[in-house]
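Next come the chains, spelled out residue by residue.
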Amino acid sequence: MSGADPDGDPETETAEVPGDEEPDDSEEPSAVIRPEWRSDLLLVAKVVLATYVGFFVVGVLSGAGVNATVGTIQSITFFGAIFALGALALNLHWGYTGMFNIGIAGFMAIGAYTLSIAVASPDGSPAGFGLPIPVGIVLGTIAAGLAGLVLVIPTLRVRADYFAIVTLGFSEIVRLSVQSRSLREIGDTAYGTGGGQGIRATPVDSVVGWLFDQPIVGDVGGVLIVLGETVGIASSVLERGIYTLVLILFVVAFYVLLTRIAHSPFGRVLKAIREDELAAKSLGKRTDRAKIAAFALGCALMGLVGTLWMGSRTHISPDNFMPLITFYVFVALIVGGAGSNTGSVIGGFAFAAFIFEGPRFVRTMVRANLGTDFPRTAHGAFAELGAGDPSALIGYVLYQQADEVRYIVLGVVLIVLMIKRPDGLLGHRKEIAAGVDLSRRGPVADGGRPAVGSDDRAGTESETDDPAATNGGDRDE
Amino acid sequence: MSDLERGPDAGAGRSEGDADDRADRAVEDAVLEVEALEKRFGGIVAVDGASFAVERGSITGLIGPNGAGKSTTFNCIAGVHRPNGGRVVFDGEEITGEEPHQVANRGLVRTFQIARELPEMTVLENMMLAPKGQRGESLWRSVLPYFREEVLDQERELRERAWETLEFFEIDHLAEEYAKNLSGGQRKLLELARALQTDPEMLMLDEPMAGVNPTLEKKLLEHVHQLREQGYSFLIVEHDMDVIMNNCERVIVMHQGAVLDEGAPAEIKSNEQVIEAYLGGEV
Ligand SMILES: Nc1ncnc2c1ncn2[C@@H]1O[C@H](COP(=O)(O)OP(=O)(O)O)[C@@H](O)[C@H]1O
Ligand SMILES: [Mg+2]
Numbered sequence: 001m002s003g004a005d006p007d008g009d010p011e012t013e014t015a016e017v018p019g020d021e022e023p024d025d026s027e028e029p030s031a032v033i034r035p036e037w038r039s040d041l042l043l044v045a046k047v048v049l050a051t052y053v054g055f056f057v058v059g060v061l062s063g064a065g066v067n068a069t070v071g072t073i074q075s076i077t078f079f080g081a082i083f084a085l086g087a088l089a090l091n092l093h094w095g096y097t098g099m100f101n102i103g104i105a106g107f108m109a110i111g112a113y114t115l116s117i118a119v120a121s122p123d124g125s126p127a128g129f130g131l132p133i134p135v136g137i138v139l140g141t142i143a144a145g146l147a148g149l150v151l152v153i154p155t156l157r158v159r160a161d162y163f164a165i166v167t168l169g170f171s172e173i174v175r176l177s178v179q180s181r182s183l184r185e186i187g188d189t190a191y192g193t194g195g196g197q198g199i200r201a202t203p204v205d206s207v208v209g210w211l212f213d214q215p216i217v218g219d220v221g222g223v224l225i226v227l228g229e230t231v232g233i234a235s236s237v238l239e240r241g242i243y244t245l246v247l248i249l250f251v252v253a254f255y256v257l258l259t260r261i262a263h264s265p266f267g268r269v270l271k272a273i274r275e276d277e278l279a280a281k282s283l284g285k286r287t288d289r290a291k292i293a294a295f296a297l298g299c300a301l302m303g304l305v306g307t308l309w310m311g312s313r314t315h316i317s318p319d320n321f322m323p324l325i326t327f328y329v330f331v332a333l334i335v336g337g338a339g340s341n342t343g344s345v346i347g348g349f350a351f352a353a354f355i356f357e358g359p360r361f362v363r364t365m366v367r368a369n370l371g372t373d374f375p376r377t378a379h380g381a382f383a384e385l386g387a388g389d390p391s392a393l394i395g396y397v398l399y400q401q402a403d404e405v406r407y408i409v410l411g412v413v414l415i416v417l418m419i420k421r422p423d424g425l426l427g428h429r430k431e432i433a434a435g436v437d438l439s440r441r442g443p444v445a446d447g448g449r450p451a452v453g454s455d456d457r458a459g460t461e462s463e464t465d466d467p468a469a470t471n472g473g474d475r476d477e
Numbered sequence: 478m479s480d481l482e483r484g485p486d487a488g489a490g491r492s493e494g495d496a497d498d499r500a501d502r503a504v505e506d507a508v509l510e511v512e513a514l515e516k517r518f519g520g521i522v523a524v525d526g527a528s529f530a531v532e533r534g535s536i537t538g539l540i541g542p543n544g545a546g547k548s549t550t551f552n553c554i555a556g557v558h559r560p561n562g563g564r565v566v567f568d569g570e571e572i573t574g575e576e577p578h579q580v581a582n583r584g585l586v587r588t589f590q591i592a593r594e595l596p597e598m599t600v601l602e603n604m605m606l607a608p609k610g611q612r613g614e615s616l617w618r619s620v621l622p623y624f625r626e627e628v629l630d631q632e633r634e635l636r637e638r639a640w641e642t643l644e645f646f647e648i649d650h651l652a653e654e655y656a657k658n659l660s661g662g663q664r665k666l667l668e669l670a671r672a673l674q675t676d677p678e679m680l681m682l683d684e685p686m687a688g689v690n691p692t693l694e695k696k697l698l699e700h701v702h703q704l705r706e707q708g709y710s711f712l713i714v715e716h717d718m719d720v721i722m723n724n725c726e727r728v729i730v731m732h733q734g735a736v737l738d739e740g741a742p743a744e745i746k747s748n749e750q751v752i753e754a755y756l757g758g759e760v
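From first to last, the protein sequence lines are chains A and B. Residues 1 to 477 (the numbering used here) are what the first sequence spells out, left to right. Residues 478 to 760 (the numbering used here) are what the second sequence spells out, left to right.
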């Protein structure tokens, strides 16, 4: 901890969000409290655009080709949206309420399986109910929420670490249950989970086909497809891109919902539970009720993410819901910063681009430049390296082992993050849990702000190893 | 609730204090009555048949050596611990075994021996949390468009109150600071200020002066007296005999889980048993 203040402006430090935005000198001194829609949106847009440009330039220069590059960008956006949704839901549990839920995959599975069983054709094997997809999505969401309710009520008093184990166990129970032979077809009915083989149903992204049949949207889509083909982008990439747009709408909806919660008395109670549940109780807060509501809502959202993600495949099976999925969502939230909804979105996107899809993109580039003729084993790679051909080792690692490289990247990112920025990209931000600006008497001239002259006091009497205070100046732009 | 403070002194045993000679000193209008309260932790008898009453509108002191069971008594009254025996009556209604939030919502609010501020929340957020009857504490009201307007109106009212209380305690300059950045004494003030936001009828303060520097201590005591004049009742655990003698109308002395004596400070001072308990134990 250095004594020097990187901001060089101690006067405003407590009052301002240590942020990248210019001092807010608009009509209302609302910088501290208002969810900074404008600057946050700008921040997200900046990160996304920079990533797009980076991938595009690298992709085209490396000779991967426009189609493959745009395909990667579309994948990044798709998974970015998925992990943003997951991280937003998890942020409600972990970032806000401090509930350590490591059973995300299980709730996604409940959502996706409910959807599939509801939507699958009545004469399929296993049979479904043939319901419309939107109904299936709603049912999947509700089912996951109810599962969360059932899980949280008996575990309210359980310590945080045991609660984590319970949720992990729960998600594995869900996965193993749908996998089990006895649920493949339940009783004498034709309905069931399909066991290890999974269940086949109309995918959720068939909404794209439906959109193309609509008057105006369909025409616009048709034009886009034609335009895409002229620059060498396959129509399938663009069609998937349209489903990704639908996902982005869900990200916006999640964000609005969760930000409203964050800036409300309910969100304040959740935060207080995270900080010190007994203190909140001793002030008369019904923490049990708040925890139940927050947990069930978060689980419902996770179920919804499951329907939107896994439901976009024609076929789901238990293997789609390994605990690794949960881990991915956690990494996304950690990267972005637990406690911040904007951070969740940025974290989801950054995770998808650089950790989840990055190694695959490198693989694409390796293939474009070095071909696919690489040794299949480490032994072979080193043998050729010994013979003076380094490209064999490169190809072995980056092409044959691309998925494993992902874990290495993931580990390195986590370590660097823990050292350099333990609160994530945005986690150290002061996001105040209140519905209105709490600064003195609302709209009052800046002179009324209590910050001025307070810092000498606060500075001498407190430990200033708060990262918010010391790192404020070196934020990402 | 293993995370609660516990006294270093594990001394426990049968109490020799008896209640008969205190009957004549019974309070007239009790806001809080504790009868034969008992709390055991395994083999330790932390509270052993303690009985006392707190006069409405008074500042009552609760003293006793470390490990006498004062904090445990608080925890039993406030619902943190379920007592193994005895009764707690607040405002004429039995509250024995109620949950902490139920007790608090009845208007009996406590602070902790080790301040429990909400560290990663600002002082203002701490203050905004406390008030009772916040409509926006329901999930649906906090998100649905029409109801949210009501919630925001209430938030504006609560903000005013929060600032007024912070000014009263002269910590308004720290309003936007994280609670964890406050000094020990400031945290104690914040905890008291926050407790007041709940509109309590009675406050139970567990060693509010511990870790507070003399200037702040004087200020805190002034606040307590001012609040008493406004009609609040206080039960205060304190080690410093001078503070107790100079500020309380009545004093309850606990020793080894039982009430040794209660009465006016002057009477207490002359009780030999009390002197002995204090000299015997740590003060
Ligand atoms: N949660 C607990 N578990 C076990 N023993 C406890 C617990 N809380 C308090 N005690 C014991 O009860 C006795 C009374 O402690 P306490 O009420 O903290 O005393 P005081 O506040 O008067 O110093 C001590 O012996 C202490 O060790
Ligand atoms: Mg104590």
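Hints in this document: simulated from the structure, not taken from any laboratory. Take the hints with a grain of salt, since some may be wrong.
Sample of chain A residues with no beta-carbon within 12 Å of chain B, all distances over it, derived [stated by the list, open to error]:
| # | residue |
| --- | --- |
| 1 | Val53 |
| 2 | Gln179 |
| 3 | Gly192 |
| 4 | Ala280 |
| 5 | Arg363 |
| 6 | Leu370 |
| 7 | Asp389 |
If you want the footprint, here are the derived chain A segments under chain B, 3+ residues with CB under 8 Å [what the hints assert, rightly or not]:
| # | region |
| --- | --- |
| 8 | 257-266 |
| 9 | 293-303 |
Where a beta carbon is used, it is the ideal one built from N, C-alpha and C, also for glycine.
Evaluation of the provided hints:
{"no.": "1", "hint": "Val53", "verdict": "holds (36 Å)"}
{"no.": "2", "hint": "Gln179", "verdict": "holds (34 Å)"}
{"no.": "3", "hint": "Gly192", "verdict": "holds (35 Å)"}
{"no.": "4", "hint": "Ala280", "verdict": "violated (7 Å)"}
{"no.": "5", "hint": "Arg363", "verdict": "holds (41 Å)"}
{"no.": "6", "hint": "Leu370", "verdict": "holds (50 Å)"}
{"no.": "7", "hint": "Asp389", "verdict": "holds (55 Å)"}
{"no.": "8", "hint": "257-266", "verdict": "holds (count 6)"}
{"no.": "9", "hint": "293-303", "verdict": "holds (count 3)"}
In this structure, the one hint that does not hold is number 4.
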